[in-house]
Every structure is written in C-alpha cells, then in structure tokens.
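Residue-level listing of the chains:
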Amino acid sequence: MGSVLVDPTGASKGPTPGAFSLAPRRRDLAGTTVGLLANTKYNSDTLLDAIGELLRERYGVARLVAERKPYFGRPLPEEMATDLASRCDAVVTAIGD
Amino acid sequence: MADGILLERHGVPAASILTDAFTPSGNAMARTMGAKGYRYAVIPHPISNLTAEQCRERARAVLPDVLEILGVGAERPAAPAPAPDPARAPDEPAGLTGERIRDLQRIVEYYFERGWTDGLPVVPVSEDTVCDFVDYVGRDPEEVILRVDHLGTVCTVRLAAVAAAMAGCAREHFPVLLAVLDSFQPSVDTALLQSTSGQAVMVTVNGPIRRELGFNSGANVFGPGHRANAVVGRAIRLVVVNALGIRSGEFDQGTQGTPGKYCFCIAENEEESPWEPLHVERGFPAGASVTTANFARGTLPVDNRSGTEPEQILLNIADTMSSTTASRGCAVVMGPEHAHLIASRGWSKQDVRRFLWEHWGRRREDLRRFGLVHDGVTAGHRLSAPPGTPDEEFLRFAESPDAILLIVAGARNAGMTTIVPMIRPLFHSRAVQDPPRRGR
Numbered sequence: 001m002g003s004v005l006v007d008p009t010g011a012s013k014g015p016t017p018g019a020f021s022l023a024p025r026r027r028d029l030a031g032t033t034v035g036l037l038a039n040t041k042y043n044s045d046t047l048l049d050a051i052g053e054l055l056r057e058r059y060g061v062a063r064l065v066a067e068r069k070p071y072f073g074r075p076l077p078e079e080m081a082t083d084l085a086s087r088c089d090a091v092v093t094a095i096g097d
Numbered sequence: 001m002a003d004g005i006l007l008e009r010h011g012v013p014a015a016s017i018l019t020d021a022f023t024p025s026g027n028a029m030a031r032t033m034g035a036k037g038y039r040y041a042v043i044p045h046p047i048s049n050l051t052a053e054q055c056r057e058r059a060r061a062v063l064p065d066v067l068e069i070l071g072v073g074a075e076r077p078a079a080p081a082p083a084p085d086p087a088r089a090p091d092e093p094a095g096l097t098g099e100r101i102r103d104l105q106r107i108v109e110y111y112f113e114r115g116w117t118d119g120l121p122v123v124p125v126s127e128d129t130v131c132d133f134v135d136y137v138g139r140d141p142e143e144v145i146l147r148v149d150h151l152g153t154v155c156t157v158r159l160a161a162v163a164a165a166m167a168g169c170a171r172e173h174f175p176v177l178l179a180v181l182d183s184f185q186p187s188v189d190t191a192l193l194q195s196t197s198g199q200a201v202m203v204t205v206n207g208p209i210r211r212e213l214g215f216n217s218g219a220n221v222f223g224p225g226h227r228a229n230a231v232v233g234r235a236i237r238l239v240v241v242n243a244l245g246i247r248s249g250e251f252d253q254g255t256q257g258t259p260g261k262y263c264f265c266i267a268e269n270e271e272e273s274p275w276e277p278l279h280v281e282r283g284f285p286a287g288a289s290v291t292t293a294n295f296a297r298g299t300l301p302v303d304n305r306s307g308t309e310p311e312q313i314l315l316n317i318a319d320t321m322s323s324t325t326a327s328r329g330c331a332v333v334m335g336p337e338h339a340h341l342i343a344s345r346g347w348s349k350q351d352v353r354r355f356l357w358e359h360w361g362r363r364r365e366d367l368r369r370f371g372l373v374h375d376g377v378t379a380g381h382r383l384s385a386p387p388g389t390p391d392e393e394f395l396r397f398a399e400s401p402d403a404i405l406l407i408v409a410g411a412r413n414a415g416m417t418t419i420v421p422m423i424r425p426l427f428h429s430r431a432v433q434d435p436p437r438r439g440r
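Line by line, the protein sequences give chains A and B.
Using the numbering used here, the final residue of the first sequence is 97, and nothing's skipped along the way.
Using the numbering used here, the final residue of the second sequence is 440, and nothing's skipped along the way.
Because the hints were derived from the structure by calculation, they are not lab data.
There's no promise every hint is true.
Now the in silico label distances, taken between C-beta atoms and shown as ranges [claimed, not checked]:
1. L104(B) <-> Y71(A): 37 to 45 Å
2. R68(A) <-> R345(B): 57 to 65 Å
3. Q350(B) <-> Y71(A): 41 to 49 Å
4. Y71(A) <-> R88(B): 50 to 58 Å
Dumping the calculated DSSO-like pairs for lysine-lysine here, alpha-carbon to alpha-carbon at most 30 Å [said to hold, decoys possible]:
5. K41(A) <-> K36(B)
6. K36(B) <-> K69(A)
7. K69(A) <-> K41(A)
To list a few chain B residues with every Cβ distance to chain A over 12 Å, as calculated [to be verified]:
8. A52
9. E57
10. P121
11. D135
12. A170
13. D182
14. Q194
15. T196
16. L300
17. Q312
Since the model is a prediction, treat every value here as computed from it, not as a measurement.
The C-beta atom is built at its ideal place from N, Cα and C for all residues, glycine as well.
Model the full assembly from the supplied sequences, consistent with the hints where possible.
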C-alpha cells in the first residue's frame with residue numbers, strides 16, 4: 001500500500017466513538033415513565049402520541065414525557081439527552097416526512 | 001436514529017421509528033456512531049400527509065416492533081446484528097512519488113493557462129486516449145456532429161472524445177455524450193448556447209444504460225456525487241467551450257447563467273415511477289437507452305409534503321411554472337412521492353401534462369403590472385394578446401401540453417418536484433448507439 005496521496009476524508013481522522021452496547025432492557029413497562037421524542041417534522045408528534053397512548057392503555061406505562069428536539073437536522077443536545085435519560089425508563093423516537 | 005443511539009449510550013433503552021425511505025440514512029448513521037446493526041422499527045413512507053387516524057393505524061402496526069426493540073417480554077435483549085464490513089479500499093497506483101504528482105499538477109495548471117477548462121481542473125488527454133474513445137464507438141473521427149456556422153466552428157467525433165476524456169469520462173460514457181450531441185439541431189440550438197438567458201443543456205438519461213454506467217436517478221438527482229451524471233454533463237460544457245469556442249463573457253453572453261452550465265445530467269427513476277418512462281412516451285422501445293436534451297434556465301423547487309389530492313399538488317406545481325419570467329417550455333421533474341400520489345387516483349402522464357398546461361399562465365393584468373406588456377404583446381413570452389384583450393384574461397404560457405416534459409426522478413422520501421423552465425419547448429431525444437464491439 002502506497003501512501004503518497006493524502007486522504008481527503010474527514011471521518012477516518014475523527015475520534016472513534018467508544019464501543020457500543022445496548023442499554024439494559026426491562027421486560028415489563030408497567031409503572032414506568034416513557035419518553036416520546038419528536039423530531040419536529042410534521043406528524044412525528046402525532047405518531048408518537050398514538051404510540052404513547054397504546055403503551056399507557058395496554059402496557060401499564062405510568063407517565064409519558066413528550067419532548068421535541070430543537071432542530072431535526074442535528075442530534076439531540078447533550079443536556080437534553082441527559083435530562084431525558086434521568087427522567088425516563090425508555091424512549092421512543094420517530095423520524096418523519 | 002442518532003438520538004436513539006445517544007440515549008442508549010446514556011443508559012436508556014430507545015426505539016427509533018423510521019419511514020422506509022430513510023433506512024439507508026439510518027444504517028449510515030448507526031455505522032457512523034459506532035453502533036453498526038442497531039435495530040430500529042420501520043413504517044411505510046410518508047407520514048407527513050397522514051390524518052390523525054392514519055397515524056394511529058401506523059402506531060398500532062409498529063407497536064410490536066417497538067416493544068421488541070425495547071426488550072419488553074424478551075428473555076434477553078437482542079444484540080446488534082453484525083453488518084457486513086464495507087469493501088476494502090483499492091491500493092494506491094504503484095510507483096507514485098511526490099515528484100510525479102507535482103508533474104501532474106503542472107499539467108493541470110497548463111490547461112488552466114490555455115483557457116481550455118470550465119474553471120475546474122481537467123484530466124490530461126493524449127492521443128492514445130482519444131484513439132481509444134473513437135475506436136470504442138467505431139465512428140469516423142473527422143465526422144462533423146455539430147457546427148456553428150456563424151462562428152465557423154465544428155465539433156467532430158474526435159473533438160467530442162477529447163472533451164469527454166478531459167471531463168473525466170471513461171470510454172463507456174462516450175456513446176451517451178454522442179447521443180446528446182447528435183440530437184442537437186445546429187442552427188437553433190447552438191444559438192441558444194450563446195443567449196443572454198444563460199441556459200444550460202440539461203440531459204435526461206433513460207433505459208438500461210442508467211444501471212450499466214451508474215447514472216443516479218434517486219436521492220440528490222440534481223446534486224453531486226455520481227460520476228456518470230457528472231462527467232457526461234460536464235463533457236457537454238467542454239465541447240461548447242473548446243470545440244465550439246463559446247466561452248464565458250465572449251460568445252457565451254449569459255447575463256447570469258446558471259450553475260447547471262457546469263453539468264446538468266439526470267436519469268429518470270423508472271423503477272419508482274408509476275408511469276411509462278420518458279423515452280417510451282416519446283416513441284422509443286422500453287429496452288432502448290435514450291438521452292433527452294433540453295435547454296434549462298435553472299431549477300425551481302415545489303415543496304409540498306402535506307397535500308393529499310392530485311389537484312392540490314398539480315396546482316402548486318402549475319403556480320411555480322407560472323412565474324412571469326419568460327418560459328414557454330418546462331421540464332417538470334416530479335419526485336416519486338408526488339407521482340405516486342397522483343397516479344394512485346388514476347391520472348396518466350397525459351392527464352398530468354394537460355392539467356398543468358391548462359393552469360400554466362397569468363392574467364394579462366399581472367404581466368402589465370410588471371411592465372411585461374408592450375404594444376399589445378407580452379414581452380418575452382411572445383404570447384398573442386391582440387390590442388383589446390381584456391386585462392383579466394388568463395394567458396396560457398404554452399401552446400399545448402407538448403411543451404411540458406414530465407420526468408420522474410429523485411428519492412421517495414419527501415413530497416418534492418422541481419420545475420426546469422426553458423425559453424421555448426425545445427428538446428430532442430436520441431437512442432444511445434451500442435458500440436460495435438459489444439453488440440447486445
């Protein structure tokens with residue numbers, strides 16, 4: 001492998017995210033708080049509200065926390081993620097259009 | 001998707017719901033965030049024009065997947081599925097040195113100094129490359145395919161090959177360029193290449209050659225990132241600049257021009273179109289590969305994600321077509337989502353073109369208000385509005401629905417259509433000739 005040509009891509013030089021593992025799951029949602037994170041695109045909140053209602057009716061979810069991210073084109077701000085994580089046992093999020 | 005992964009990293013189980021049109025972006029995001037194979041739930045696209053009741057139906061349908069992703073009722077959560085590794089990068093060409101690269105850069109600079117480019121670097125071309133291209137198509141290199149009599153310039157097969165190679169074409173792209181150049185009507189078309197209206201040559205590619213050469217017909221169809229579209233579009237400009245001698249500020253008198261003059265080549269998304277493709281509509285067999293070239297003043301977006309009736313979408317499109325700036329022809333490049341909504345109610349391509357044509361125009365008083373009416377005719381449009389025509393009369397901008405090219409292209413991820421206005425309805429289709437060696 002030669003290395004005379006300079007690699008123009010940014011990703012290869014970027015910080016590699018740490019190893020990923022899923023957050024611990026709960027087998028039962030009864031009595032939990034579930035976050036509903038809409039991405040602000042039209043109808044994403046309507047869809048999530050409907051899912052929230054079903055979770056409450058059929059799976060005994062105690063509380064729903066509906067949030068909208070500030071702008072659909074960027075990831076959730078760190079402080080919002082921390083906040084949601086501290087208040088919720090699980091989160092459902094939707095990408096609309 | 002990114003948010004779901006972020007929340008998992010914060011220790012909260014998350015279920016992301018994507019519409020099916022966004023699954024490629026979702027997979028790429030998971031990869032980028034180091035969570036390759038991260039599971040998400042998928043619902044049919046789109047949701048933005050659904051009623052509340054339809055949203056509830058989608059919610060009921062997707063709920064089992066959401067629960068499964070959240071691990072509800074499961075013995076143990078499913079681990080992310082391993083995704084295949086991306087293909088290994090090719091090796092760098094052998095024998096490269098800093099000195100050899102500096103040589104190449106000097107050659108690129110030389111092309112700039114000679115004024116032989118469109119403003120971007122070109123690929124250096126020697127006689128062997130030209131022979132290879134000409135040999136591939138099996139045509140006489142001195143055959144004249146385009147001439148501008150008033151400038152005394154011609155484009156031969158050989159000069160077209162030079163332009164193609166400089167633009168970055170492989171020889172397999174060359175027959176597509178030739179089809180476009182062969183389709184021109186020299187006296188009319190070459191005059192438009194010099195016009196103050198600044199029109200670009202837009203090309204639409206149809207048929208199997210789209211897949212064979214990798215023409216993009218989907219996401220970002222007017223945008224960058226796809227070699228076939230980019231090099232064929234660019235080669236046309238290099239023919240205009242070098243072979244025909246029509247350079248910016250000299251014989252190209254475009255007042256402002258358009259970025260489309262760098263390159264403006266799309267392919268029709270035949271796979272996601274509910275209608276017969278453009279080339280079939282224009283009389284070619286479905287299995288033929290065909291280019292359709294037209295002059296283009298630019299692109300006007302129609303962003304309508306909430307309309308639920310064909311008439312709403314089409315009136316929105318006709319309204320955008322009816323900008324008072326002179327256009328007596330139009331390419332309507334409809335996104336697959338609009339096309340499907342309209343076709344699902346039984347509209348044919350012909351129905352769509354007729355409806356658009358009927359609603360494409362302005363009341364004479366609008367044109368008068370903008371100072372576009374002189375001596376009883378409307379400037380630019382050259383519409384016949386004899387003296388005494390009432391001001392409230394609706395003047396159609398085109399003579400028939402044939403002034404509209406209807407093409408389906410783009411991604412099926414949002415309700416979007418693009419209008420490409422032309423000064424007049426001038427477009428030509430031509431079959432791409434199979435190179436003699438290949439046969440088919």
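Outcome of the hint check:
no., hint, in the structure
1, L104(B) <-> Y71(A): 37 to 45 Å, "holds, 43 Å"
2, R68(A) <-> R345(B): 57 to 65 Å, "violated, 34 Å"
3, Q350(B) <-> Y71(A): 41 to 49 Å, "holds, 42 Å"
4, Y71(A) <-> R88(B): 50 to 58 Å, "violated, 36 Å"
5, K41(A) <-> K36(B), "holds, 25 Å"
6, K36(B) <-> K69(A), "holds, 24 Å"
7, K69(A) <-> K41(A), "holds, 10 Å"
8, A52, "violated, 6 Å"
9, E57, "violated, 9 Å"
10, P121, "holds, 14 Å"
11, D135, "holds, 30 Å"
12, A170, "holds, 20 Å"
13, D182, "holds, 37 Å"
14, Q194, "holds, 37 Å"
15, T196, "holds, 38 Å"
16, L300, "holds, 21 Å"
17, Q312, "holds, 15 Å"
The structure does not agree with the numbered hints 2, 4, 8, 9 stated previously, though it agrees with the rest.
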